[in-house]
Structure formats: structure tokens, C-alpha cells
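K.L.:
Residue strings, one per chain:
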Amino acid sequence: MNTLDFDRLISEVVKATNLPVPSNNFTAKVMAVTSPSPVPSSDDTRLKNYLKAAAALLLTGLFFMVIILTSDIPFIDSLYKVFSFAVSPERFSFSIPDIMNFTAGFFENSAIKILWAGIVLAGICLLILDRYINKGVKTLQSFLFF
Amino acid sequence: MNQVDDIEYVLRILNGDTSAYAALVDRHKNMAFSLALKIAGKPEEAEEIAMDAFVKAFNNLSTFRQESQFKTWLYRIVYNTAITFTRKKKHEFLALDERLIEQYPDPIEAINEFSKEDQFRMVEKAIQRLSSEDGLLITLFYKEELSVDEVSSVTGLTVSNVKVKLHRIRKKIANDVETSIKKELKEEYI
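Which chain is which? The protein sequence lines are Y and L, in order.
Residue numbers for the first sequence follow numbering that gives the first Met the number 0, so the first one is 0 and each next one is one higher.
Residue numbers for the second sequence follow numbering that gives the first Met the number 0, so the first one is 0 and each next one is one higher.
A hint or two may mislead.
What the hints assert, rightly or not - Heads up, simulated DMTMM-like pairs for lysine to aspartate or glutamate below, C-alpha to C-alpha not over 20 Å straight-line:
no. : chain 1 : residue 1 : chain 2 : residue 2
1   : Y       : K14       : L       : D117
2   : L       : K41       : L       : D133
3   : L       : K124      : Y       : D6
To be verified - Among the chain L residues that face chain Y by a calculated CB cut under 8 Å, a handful are:
no. : residue
4   : V24
5   : D25
6   : M30
7   : F57
8   : E108
9   : N111
10  : Q118
11  : I126
12  : L129
13  : I137
14  : A173
Unchecked claim - Derived list of chain Y stretches under chain L, where covered just means 3 residues or more per stretch with a C-beta under 8 Å from a C-beta of chain L:
no. : region
15  : 4-12
16  : 20-26
No lab work stands behind these hints, which were simulated from the structure alone.
Built from N, CA and C at the ideal position, the CB exists for glycine as well.
Construct the complete structure from the given sequences, taking the supplied hints into account.
P.N.:
Rendered as C-alpha cells:
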């Protein structure tokens, strides 16, 4: 008997083997749980998923803001300075060069550079982890970044 | 044929006829239960896992993209639910290197000396002795006739790993059958 015939024999045996069966009222039990609730439409589900992900991102951002601003970190003073510089009325501007200057100044501070590097690195790690865990699942992150 | 029917049922359910789900449950419950049993090991737990998987599938039916067969999608849910339930590591299957495929001789010339019933019996016993993970793979591949790609999608293994594992399972069965033949011939000789 060659490999192909042997493979065919295995296939025949597996097909002839009866599968174990669940209890007689299995279908009724499943239907009892599922029947009262209509299937949510794909639009509802997608919107709900995006809202959930957005809420999670917002809460995470707030959490880190509270932690950073209430901690006794040596460079927190310089962080406050940058923020007060940003929101002081005389500096407040929507013009693109001003925003770019502000952003550049923000990154020039070495203490803040480390903080930003940490945040960006953590973000990248989280995105990679998310892609690995949710292969094929549409999340807000995958919608925004990939 | 089944594939078309499954999708028709899915469309009916999505259009509000939720009672059509009973037909899908009836059609796939044995395989779902069997897969859950191979991972969980206990029938009571397997039933709970299969039920949970069917409920999850119903609640997420709108996310089912009809690019794959419904059953492949469902079995993936059963597999993930069972793994979560039993708190086993997701990739319990060890990854294998495709280059490690060992050549084995055309199996068992001696098996031709036996009747079809005896051949069946020997292969059946060898299959029963396989580990539950191996049993799960051959059930999906031979019984459900899923392609290697689909088995890969259900179990999370790479396609080449599925190929290597199926090859090794065939080899295990061939070795087991060969041992049985030797034993039977020895007994006959004595």
C-alpha cells in the first residue's frame, strides 16, 4: 500500500467514525439563550466597537495625565512651564508657524524628550500587541493606523 | 451545497428570522461539541463550551464576512472559547519546522495481506491512540474536509505547520499499524 492509498484509508476510517454528540436538548438550550435578542446589525456593532475603543483611549490618556501631573517627577516643573507657555493668552494662536514653533520647543526639552520617547515606544508596543492579539479583527486602532 | 445553505441561513437570521439559527446549530453541533471535547476532555465542559461558542457566534453574526465558510468561522470561535475555558496556552501546538519532515517508506506493504475490515480496525485503533491535539487536526482535515488553509485558520497554526503535523500524524498511524501487524503476525506464528 503506497502513501496515497494509506492516506485514503485513514480518511475512510475517520469519516466512518461517529462524532460524540451533545445532549438531546442542546439546540433548544442554545435557542433559549439567543432567541430573545435580535442580531445586532454590523453598523451598530462597528459603531459600538469604535466608541468603546475611543472611550478606552480617552480614559487611558486621562489616567496618564493625572499620574504625570500629580507625581513628584524632577522634570514636572519644566512640563508645567511648557504648558503655561502654551496656554498663555499672548502666545495662544492657531497660526501654523506658531504651532510648529511650539511643537519644536516642546521637543527641545531633554526631560520631555525622554517622556515622549517612552510614550511613543509604549504606544508602538501596544499597537503591535493589539495587531497580534486581534488578527483580522477591526478595531479603532486598526481602522486609524493600518 | 452545505456552504450555500449555511450562508442562506445566515442571511435569513441577519434579516430578522432568528429562528433559522436552530438549523445552523443542529447542523454543526456535533462537530463543535467534538472539537470542544478534544480540548476540554470532559463532556460536561465540552457542552458548556460549545453552547457558549454558539451564543458568541450568534451575537457576532453580523461580523461574519462571507469570504470563508461559516463552519470554519464557527470552529475558530469554538477553538478559542475552549482554549480560554481550559486556560490552556493558545498555541499549545508546538510550532514545527517544515524542513523537519522525515521521509518514511511507503507504508506497510504487509497491510495488503489483511482484509479491509482488519485494515480498518488497525487504523481505527491507531487513531484512538493519538493525542487529543492530533485527533483534533485529523478530525478537521479528514472528517470535516477542511483545507490546510482552513485548518490553519481554525487552530492559529501556520499553513506549513499544519502540513508538517498532518504528515507526522500519518507517520504515527503508519508506525502504530506496523507494530500491530508485527504483533499479529507473531501471534499467528506462535
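K.L.:
Now tell me, hint by hint, if it's right for this structure.
P.N.:
Each hint, compared with the structure:
no.: 1; hint: Y:K14 <-> L:D117; result: holds (17 Å)
no.: 2; hint: L:K41 <-> L:D133; result: holds (17 Å)
no.: 3; hint: L:K124 <-> Y:D6; result: holds (15 Å)
no.: 4; hint: V24; result: holds (5 Å)
no.: 5; hint: D25; result: holds (5 Å)
no.: 6; hint: M30; result: holds (6 Å)
no.: 7; hint: F57; result: holds (4 Å)
no.: 8; hint: E108; result: holds (7 Å)
no.: 9; hint: N111; result: holds (6 Å)
no.: 10; hint: Q118; result: holds (6 Å)
no.: 11; hint: I126; result: holds (6 Å)
no.: 12; hint: L129; result: violated (11 Å)
no.: 13; hint: I137; result: holds (6 Å)
no.: 14; hint: A173; result: holds (6 Å)
no.: 15; hint: 4-12; result: holds (count 7)
no.: 16; hint: 20-26; result: holds (count 5)
In this structure, only the earlier hint numbered 12 is contradicted, and the remaining ones agree with it.
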